[in-house]
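The lines below spell out each chain.
Protein chains: 2
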Amino acid sequence: MTAAKARKNKPASPNTRPTQPALPVPPVAAWPAGFASGAAAAGLKAPGRLDVAVLVADQAVPAAAMFTTNLVQAAPVLVSKEHLKKGRGLVRAVVVNAGNANACTGQQGLRDAREMCQQVARFVRCPIEQVLVASTGVIGRKMAMPKVRKGIAAALKSLGTTQDHFAAFSQAICTTDRWRKVASSTLTLAGGPVQITGTTKGAGMISPNMATTLAFLATDAKLGAAALKQSLQQAIAASYNRAMVDGHQSTNDFAVLLASGSSGVKVSGTAAHDEFESALSTVCLDLASQIVRDGEGATKRMEIVVTGAKSDQIADGIARTIAMSALVRTAIFGNDPNWGRIVSAVGYAPGVKDIRKLRCKIQDVLVYRDGTPTDFNAADLSNAMKSEQVLIEVELGEGHGEGFLQASDLTYEYVRINAEYTT
Amino acid sequence: MTAAKARKNKPASPNTRPTQPALPVPPVAAWPAGFASGAAAAGLKAPGRLDVAVLVADQAVPAAAMFTTNLVQAAPVLVSKEHLKKGRGLVRAVVVNAGNANACTGQQGLRDAREMCQQVARFVRCPIEQVLVASTGVIGRKMAMPKVRKGIAAALKSLGTTQDHFAAFSQAICTTDRWRKVASSTLTLAGGPVQITGTTKGAGMISPNMATTLAFLATDAKLGAAALKQSLQQAIAASYNRAMVDGHQSTNDFAVLLASGSSGVKVSGTAAHDEFESALSTVCLDLASQIVRDGEGATKRMEIVVTGAKSDQIADGIARTIAMSALVRTAIFGNDPNWGRIVSAVGYAPGVKDIRKLRCKIQDVLVYRDGTPTDFNAADLSNAMKSEQVLIEVELGEGHGEGFLQASDLTYEYVRINAEYTT
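Top to bottom, those sequences are chains A and B.
According to the numbering used here, the stretch in the first sequence is residues 27 to 449, in order.
According to the numbering used here, the stretch in the second sequence is residues 27 to 449, in order.
Treat the hints with care, as some may be off.
Pairs of lysine to aspartate or glutamate, EDC-like flavour, derived with a Cα cap of 16 Å [said to hold, decoys possible]:
1) B:K111 - B:D84
2) B:K336 - B:D401
3) B:K383 - B:E421
4) B:K412 - A:E446
5) A:K412 - B:D401
6) B:K168 - A:D396
7) A:K387 - A:E419
8) A:K383 - A:D396
9) A:K336 - A:D390
10) A:K379 - A:E446
11) B:K168 - A:E424
12) A:K383 - A:E446
13) B:K379 - B:E446
14) A:K168 - B:D396
15) A:K412 - A:D390
16) A:K168 - B:E446
17) B:K383 - B:E419
18) A:K379 - A:D338
Since the hints were derived computationally from the structure, they do not count as laboratory data.
No experiment lies behind these values; they were computed from the predicted model shown.
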């Protein structure tokens with residue numbers, strides 16, 4: 027999927043975000059037919075907060091997953107990879123906890139991750155390799171397994187298919203998130219309507235490289251594991267891998283897509299697959315946008331669009347270089363139309379060879395071309411930047427390469443959260 | 027020069043830094059014999075603040091310079107490159123202003139930069155190509171040439187060789203710096219003592235790639251332009267290119283080294299060149315450390331030492347990846363021994379293939395080995411981190427590659443400075 031397509035798939039109104047840390051009510055959604063979920067408060071987060079959850083399919087179903095590319099991989103990542111391979115892409119359940127990443131925990135961590143799968147496998151009566159596991163939270167702390175065991179048991183006991191069950195699942199996976207994140211889409215294929223629903227978590231250690239953070243996606247459409255894998259890879263490439271909070275790649279990234287087939291509608295033929303992939307991308311882009319909007323301390327979401335580069339890869343590199351600049355990110359926070367920081371970031375982005383035709387726009391206002399600034403009105407533009415979404419466009423004039431990335435601004439609150447967070 | 031050598035060259039006590047924004051009195055220093063300087067308040071910065079300066083050699087002397095590798099290059103960078111080439115490495119004077127970068131200013135910017143050189147050339151009676159020019163400040167604003175002309179005239183009128191003249195020069199080049207930055211070294215060669223003295227400016231848009239920020243270095247030793255170039259490149263590689271405030275590469279970086287030969291002491295033979303290069307590196311590392319300590323909003327200087335990588339290049343990449351992580355930088359600000367953020371940054375650094383033997387130390391305390399944390403005392407270590415200098419060591423156990431980088435922490439004050447700075 028191209029950047030242009032990715033943008034096209036952008037949710038219609040990403041401008042609505044609460045300024046208070048209260049949890050807004052997300053659009054009504056429940057898991058598609060064929061799935062149940064449960065959640066419990068195991069005491070891994072603050073007392074009483076949901077922190078363990080299970081997603082269970084009525085039977086073993088085709089699934090695809092993507093994992094962090096960080097070389098430091100948490101135990102649940104290693105175990106889920108192993109299970110997915112052994113189970114040949116058939117998955118019955120996913121168990122997840124927040125509050126402890128089970129990363130850098132050695133052999134004991136692997137044993138704990140396997141035990142979590144085993145407990146679910148016993149309950150739903152399936153082979154252990156049909157259970158995947160995901161964790162998020164502090165790195166390097168042993169899992170409090172007595173709590174985890176009780177939590178999983180309670181979550182399994184609470185299994186159900188209502189909106190409340192879905193909401194509890196999406197709440198349980200949160201860490202520093204200010205609100206739970208869900209998205210859903212219904213598309214009508216030749217055989218009838220199918221649903222795609224997902225939930226994800228933020229809000230820090232977010233960098234675009236192959237399934238950032240945790241994402242749980244489910245559909246009642248009928249697809250094989252191979253088709254699911256292709257669709258998931260395309261959707262993640264167009265969404266999660268173009269979303270950035272702080273540019274730090276996590277050890278626990280995990281995205282999974284399960285297809286129950288309960289709708290009875292088979293996704294067959296190129297057109298149907300394209301439609302499915304497009305709807306999945308929309309859901310993923312919605313979720314990724316929510317992560318960026320709720321990025322740690324974020325007050326705004328930057329949309330960085332690069333065109334006219336020699337290749338898509340170079341365009342993506344430029345977008346990332348701009349998004350990674352602390353000077354750009356603080357300027358956006360300060361409503362400062364500081365195009366000099368943007369233009370100079372392009373000047374050291376990898377692969378850029380010629381910036382003589384460089385043009386830069388902020389909020390649709392041309393601010394730079396022909397090596398000099400335009401005589402735009404800085405006060406007006408600063409006012410226009412007092413928005414929850416700031417559009418930065420860079421045109422290289424060198425070719426047809428396009429890139430897109432969305433990123434959070436850098437604020438006092440980001441520093442507070444991450445300087446006061448104690449290991 | 028290897029990273030280990032660079033560390034060896036580190037100034038002895040970099041721990042003393044003021045917490046107040048007052049300007050501490052730097053060690054007594056003046057330009058070496060053969061140089062005079064002058065400074066003036068032209069009104070480019072706040073009224074009354076020194077912002078234009080000239081450094082003039084008694085005659086045209088051999089010089090070497092390095093420039094930003096950013097593709098977006100300010101007019102003074104382009105003009106100085108041109109002059110250095112035309113003048114075949116002979117330089118009579120350098121003119122510099124702060125308060126306006128003269129970057130992204132098109133043909134007018136080039137004309138202004140040339141005019142600045144011309145004015146100095148006329149005064150000291152030398153060809154224009156023997157005058158270099160450097161600027162620092164806001165990007166994309168036309169130079170207020172009437173003010174600049176008056177400023178240069180006043181600076182030239184004030185030329186002198188005292189400590190006060192040197193101090194005024196080092197003050198004039200500052201922008202957001204909290205104190206002026208100077209360093210000096212005297213070494214005794216076979217022919218007698220020679221002096222190397224330098225001054226530099228911070229405090230933002232600092233990223234290690236080939237002469238970051240502005241640096242003016244002068245010696246009374248006798249060397250040719252080729253030898254100066256080699257020494258400067260080595261010294262910058264070991265110092266400035268291993269110093270980072272915010273990872274944003276500037277459009278105006280410029281480092282120059284002038285050799286008056288006034289001591290009458292010729293640097294000849296490998297041993298003498300090595301000694302000279304080592305002393306120059308010490309001066310540059312001292313200056314670079316001051317930039318990091320005075321990084322925008324910085325409360326601390328991180329020293330990141332990487333050993334045991336497959337190559338020096340990979341080790342450097344690891345050090346940069348750690349230094350670029352906003353999560354690591356905020357943890358250091360918060361005295362948080364959050365080794366998980368350091369270890370996970372190693373996991374996505376370019377070229378790293380195997381992290382199974384990874385060991386990590388913070389302030390000499392081993393916190394991670396064999397894929398798991400040690401049982402170090404977090405409270406004690408946090409206390410040990412309440413220092414102006416925090417040492418992070420990473421050992422890969424894969425080879426003999428070494429890397430070193432020093433970087434500022436990320437604080438509320440950085441966000442304030444850069445969100446409130448208005449273009």
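Hint check:
| no. | hint | verdict |
| --- | --- | --- |
| 1 | B:K111 - B:D84 | violated (21 Å) |
| 2 | B:K336 - B:D401 | violated (29 Å) |
| 3 | B:K383 - B:E421 | holds (8 Å) |
| 4 | B:K412 - A:E446 | holds (14 Å) |
| 5 | A:K412 - B:D401 | violated (48 Å) |
| 6 | B:K168 - A:D396 | holds (15 Å) |
| 7 | A:K387 - A:E419 | holds (5 Å) |
| 8 | A:K383 - A:D396 | holds (6 Å) |
| 9 | A:K336 - A:D390 | violated (23 Å) |
| 10 | A:K379 - A:E446 | violated (41 Å) |
| 11 | B:K168 - A:E424 | violated (27 Å) |
| 12 | A:K383 - A:E446 | violated (44 Å) |
| 13 | B:K379 - B:E446 | violated (41 Å) |
| 14 | A:K168 - B:D396 | holds (15 Å) |
| 15 | A:K412 - A:D390 | holds (14 Å) |
| 16 | A:K168 - B:E446 | violated (43 Å) |
| 17 | B:K383 - B:E419 | holds (14 Å) |
| 18 | A:K379 - A:D338 | holds (14 Å) |
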